[in-house]
Amino acid sequence: QKEVEQNSGPLSVPEGAIASLNCTYSDRGSQSFFWYRQYSGKSPELIMFIYSNGDKEDGRFTAQLNKASQYVSLLIRDSQPSDSATYLCAVHTGRRALTFGSGTRLQVQP
Amino acid sequence: EAGVTQFPSHSVIEKGQTVTLRCDPISGHDNLYWYRRVMGKEIKFLLHFVKESKQDESGMPNNRFLAERTGGTYSTLKVQPAELEDSGVYFCASSLRPLGGEQYFGPGTRLTVT
Chain A
438 QKEVEQNSGP LSVPEGAIAS LNCTYSDRGS QSFFWYRQYS GKSPELIMFI YSNGDKEDGR
498 FTAQLNKASQ YVSLLIRDSQ PSDSATYLCA VHTGRRALTF GSGTRLQVQP
Chain B
13 EAGVTQFPSH SVIEKGQTVT LRCDPISGHD NLYWYRRVMG KEIKFLLHFV KESKQDESGM
73 PNNRFLAERT GGTYSTLKVQ PAELEDSGVY FCASSLRPLG GEQYFGPGTR LTVT
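Chains as they are written, first to last, in our numbering: chain A, 438 to 547; chain B, 13 to 126.
Here chain A stands alone, though its shape is the one from the complex (with noise of 0.2 Å):
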């Protein structure tokens, strides 16, 4: 079992619908969580991160994070065809640095 899971796509959506991504972990102890934002080529980009249980607002993003369930989730509202990307997921156990996921590719159509 992977210790990041997340579905590596590509998740589809039209532009201006909500995409969701979604991501679990292995680790009960994982103590912070990140989503970034990764084109093509490009170095991942923190858009948004997570520390405590339920939601976290931040212009069209919305993060979740339920712990009991060990998985969080990332909204993104009014989808952009400039969204189009791969989203890593990243978590931290406390044990060392970030374990990331292999991302999931998200295609948002005009």
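Take these hints with a grain of salt, some might be off.
What the hints assert, rightly or not - Straight-line C-alpha distance at most 20 Å; calculated EDC-like pairs for lysine to aspartate or glutamate: (1) A/479 - B/114; (2) A/493 - A/482; (3) B/53 - A/442.
Since the hints were made in silico from the structure, they are not lab data.
All values reported here derive from a predicted model rather than from experimental measurement.
Starting from the known structure of chain A, fit chain B onto it as the hints suggest.
Leaving out everything else, chain B in the frame of chain A:
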């Protein structure tokens, strides 16, 4: 505020040669991390510096990899001698807070070993 910078952006070397990658973290960030992504795999942690000290190097694949951060500013990652399986993208990240804080990534160095 300047972000994390890395040099070179690309490097192509032959098996057995030596390559040195450089990372300049965000000014004031004591925490510096090296990660690597090989083709088709997840980004993997290599090591973590706090200032000039190696806090965690459990991700370093073998003793052909040597990381330094003299003076607690920029860091170098040397691969000597390089092997074919070392090919990939090497990312550097920095953070203000220690483990658990937000990490900001540099553009990466794409290393190709032929």
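Hint check:
no. : hint          : in the structure
1   : A/479 - B/114 : holds, 18 Å
2   : A/493 - A/482 : holds, 18 Å
3   : B/53 - A/442  : holds, 12 Å
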